[in-house]
Amino acid sequence: MSFSFGTKTPPIALSGEVVVSGLGKSYGATRVLSDVNLVMNEGEVVSVIGPSGAGKSTFLRCLNYLETPTEGTIEIGGARVVAGGKLPDKSSLDRLRRVTGMVFQSFNLFPHLTVMENITLPQRKVLGASKEQAHETANRLLKHVGLPDKANAYPARLSGGQQQRIAIARALALSPKVMLFDEPTSALDPEIGLEVLAVMRDLADEGMTMLVVTHEMHFARDVSDRIMVMGNGGVLEIGPSKQVMSEPQNERTRQFLKAVLDR
Amino acid sequence: MITELLPAIARGVGLTLYVTGASLVIGGVIGLVLVGAARSPFAIVRGIATLYINVVRVIPPITWLFLIYFGLPQFALRLSTIQAAIIGFSIIASAFMAEIYRSGLLSIPDGQREAAHALGLSAVTTVRHIITPQAFRVALPAIATYGIGLLKDSALASTIGVREITYYAQQSAKQTHEGLLSFVVAGALYIVISLVVALVSRQVDLGLRKKIGVA
Numbered sequence: 001m002s003f004s005f006g007t008k009t010p011p012i013a014l015s016g017e018v019v020v021s022g023l024g025k026s027y028g029a030t031r032v033l034s035d036v037n038l039v040m041n042e043g044e045v046v047s048v049i050g051p052s053g054a055g056k057s058t059f060l061r062c063l064n065y066l067e068t069p070t071e072g073t074i075e076i077g078g079a080r081v082v083a084g085g086k087l088p089d090k091s092s093l094d095r096l097r098r099v100t101g102m103v104f105q106s107f108n109l110f111p112h113l114t115v116m117e118n119i120t121l122p123q124r125k126v127l128g129a130s131k132e133q134a135h136e137t138a139n140r141l142l143k144h145v146g147l148p149d150k151a152n153a154y155p156a157r158l159s160g161g162q163q164q165r166i167a168i169a170r171a172l173a174l175s176p177k178v179m180l181f182d183e184p185t186s187a188l189d190p191e192i193g194l195e196v197l198a199v200m201r202d203l204a205d206e207g208m209t210m211l212v213v214t215h216e217m218h219f220a221r222d223v224s225d226r227i228m229v230m231g232n233g234g235v236l237e238i239g240p241s242k243q244v245m246s247e248p249q250n251e252r253t254r255q256f257l258k259a260v261l262d263r
Numbered sequence: 001m002i003t004e005l006l007p008a009i010a011r012g013v014g015l016t017l018y019v020t021g022a023s024l025v026i027g028g029v030i031g032l033v034l035v036g037a038a039r040s041p042f043a044i045v046r047g048i049a050t051l052y053i054n055v056v057r058v059i060p061p062i063t064w065l066f067l068i069y070f071g072l073p074q075f076a077l078r079l080s081t082i083q084a085a086i087i088g089f090s091i092i093a094s095a096f097m098a099e100i101y102r103s104g105l106l107s108i109p110d111g112q113r114e115a116a117h118a119l120g121l122s123a124v125t126t127v128r129h130i131i132t133p134q135a136f137r138v139a140l141p142a143i144a145t146y147g148i149g150l151l152k153d154s155a156l157a158s159t160i161g162v163r164e165i166t167y168y169a170q171q172s173a174k175q176t177h178e179g180l181l182s183f184v185v186a187g188a189l190y191i192v193i194s195l196v197v198a199l200v201s202r203q204v205d206l207g208l209r210k211k212i213g214v215a
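Chains Z and E are the protein sequences, given in the same order. Letter by letter, the first sequence follows residues 1 to 263 in my numbering. Letter by letter, the second sequence follows residues 1 to 215 in my numbering.
Chain E with its partners taken away, still in its complex shape (with noise of 0.2 angstroms):
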């Protein structure tokens, strides 16, 4: 029976890796506008930034994903399945992203700043050269967990029709009336993505820290 499982539902990993990976992605481009935002010297631009990342992380995903997916179609604008969840997670991706990259600002000592001021280095060359490696650094391990989080939301994609693991687990149950098998299969697979995913990020953090030392 798994033999005939397994291939079905492993079907949807490469949508679970796409939604996921993508979204990450985006919203972690979108995030550092925001954090870049919500430091900004203007308070209207701050509180724009701050509103969006409080107002995103409060409403649950799926509530994400069944308004843009239903509710965007009414100003005529239709997504396919895969873009709408795209979308949906990478809204939700960035406002975490942005909390994440901040409380890596908040880790860079002081010193850093004013050793690069005392230096003579521009703005730009402070953020791109010292603050952002460094942050990166502190950050990583919180944005692996956060990816691994996200990889288990993207389930929720199936519910708008994702072909993605959890959508084929759904059909495998229904079609072989294997509903365990089939729902422990899709686990199993997460399970795997996810360690894959720490292994990597954990391998990455060992080898910074053995480098530079505690960052």
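Bound-form chain Z, shown alone (with noise of 0.2 angstroms):
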């Protein structure tokens, strides 16, 4: 393997936003992930890109239990959890999934519900919220999102990109630290992806920490800060956004960005 930087953390940065140190999982013999570093500052942006079957979204997955780690810590907002290969205590993974904030490829809106209910319900239970505050809430949201008049729609009535956008009003209604992002346009069609980016660069200008797999290469260049490399299942490189782009240090990365560039 080639000469690389960053993939271990550097011991100055131990505080953070977001510290992941030595995270991996394995099922069985079969290791999927493994030691996976980073340290995030508030407000900072990462994209996470790499070849499918790299570990992307197992990673960021792992940081909001939806996967189960096996080795590593996670510190994110303040909410510590060390993996054990097993759901950690209630508390401990209450506060995690409260720090963090989730958009997925599928986006997952509750079809049952109204935009509005899907975004007051969770503040409701979750945060507590008046029905007042939540819907509040919720109305300041969705004009930041874009969909103001659409609170009463139920989702199967709008288009992709419009239940992306309220997917992440929903998320971000909780108040997350940190907004992570799993392939959020991949099941949309480029030009409609392109609202949801929108949405994602407003955030980012607002000062979210937001960490990003995405096939997005032009939003990867542009909006994050740093970009990490993934690649069976660890972490090839990482590093500011634009050197990563033009000047690959990883032989891996290099083939991969000359796949994704070239097409």
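No wet-lab data here; the hints were simulated from the structure. One or more of the hints may lead you astray.
[As the list claims (entries may be wrong)] DSSO-like cross-link-like pairs, simulated, lysine-lysine; straight-line CA separation at most 27 angstroms: (1) Z:K125 - E:K211; (2) Z:K131 - E:K152; (3) Z:K125 - Z:K177.
[Claimed, not checked] Residues on chain E that point at chain Z, a partial pick, calculated with CB under 10 angstroms: (4) S80; (5) P109; (6) G111; (7) Q112; (8) A115; (9) A116; (10) H117; (11) L119; (12) G120; (13) T125; (14) I130; (15) R137; (16) L208; (17) K211.
Glycine residues also receive a C-beta, built at the ideal position from the N, C-alpha and C atoms.
Please dock the two separately framed chains into a single complex, following the hints provided.
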């Protein structure tokens, strides 16, 4: 393997909004994720790119325990969990999920609830918000994602791009400290994807800490501060976006970038 | 003739509906408990629920009725015919309803649970507000179909003397010697009730589909 830097966390940066160290996951003898380290400052945007099967989504999903990592530690916004191959105790898990918001490739809005209910139900159940508070927050966020008139619509009545923007609003309504995006535009046609990317760009500009698994190279280069390239369950390299895109250090990264940029 | 037969046999509509409806509701509630037990983290609970569901379904309804009506009194448990019928059909319905709920649950994409987890919703909230309403909507047509099946099975209650439609049809046939017409009337009554049930469930289903799209 050629020279690569930054796959290990530099010892100086041990505090941050997100501190992931030595994160790994195995199913028996099969290792799907190994020794992932990442420190993110508040307001930082990091894109995670790499070929499919690289472990990008697995990594992201370990951060809020949709997947259970088997080793390493996760610290996000003050919540700290040491991985042990099983779910952590309830209060740690709740805290971890409380500080993270997630946006899925397939939106996962609740189809039997209106847009308004999708956004207010979690606020009321998780934050204990009053009906008025929850509505106020929902209306503000709907305006924010450009869909103020869709409050009473059911998800099935909305386009994919609209559904994804609602999903973003739903996650934001819980005031997470870090937003996790798992290929948020992969299920959308390229044109529709742009409206979702625009919302994410705004969010980044407003200082939200974001970790984005994506195949959108323009977004990765232009919006994120750093790019983390994954391959084979590990980190190939991580560095400032423009540098990774223009002078990748790792041979596998070069191959991958050539494949995606040449098409 | 029919003007005499129809009111005579239609006297049984009330008990037919009562036995069917009560069994469907009681069985529906027990079915919920069963489907929960069948997904319990404890192997023994899962085993018992699965055994119950499978044993209950392979015993014919009439055997259940006789078991309960003629069998239970040996343990000094004396039941009215109506009680025996409702208990029997409730037991049977609970097993079938559990299976219907299970297929409803299986139809819900993993993404729904994942979204609920990621949002930090509690297990209770997830089941109550996210999973159950969606599973119910998927299960509704199957529940209606099963309800109509149960309506037909309820005719068996006549064998232990419950005065429902088929019971009165038998009485009329004996008294008037109009065997054919008596049972044609009974059949027609079952058709009418089934149609109403099917129509209502179809309307509800269509309404839900229109609102939320295909669940």
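(request) If any of the earlier hints don't hold here, list their numbers in rising order. (result) Structure breaks hints 2 and 4.
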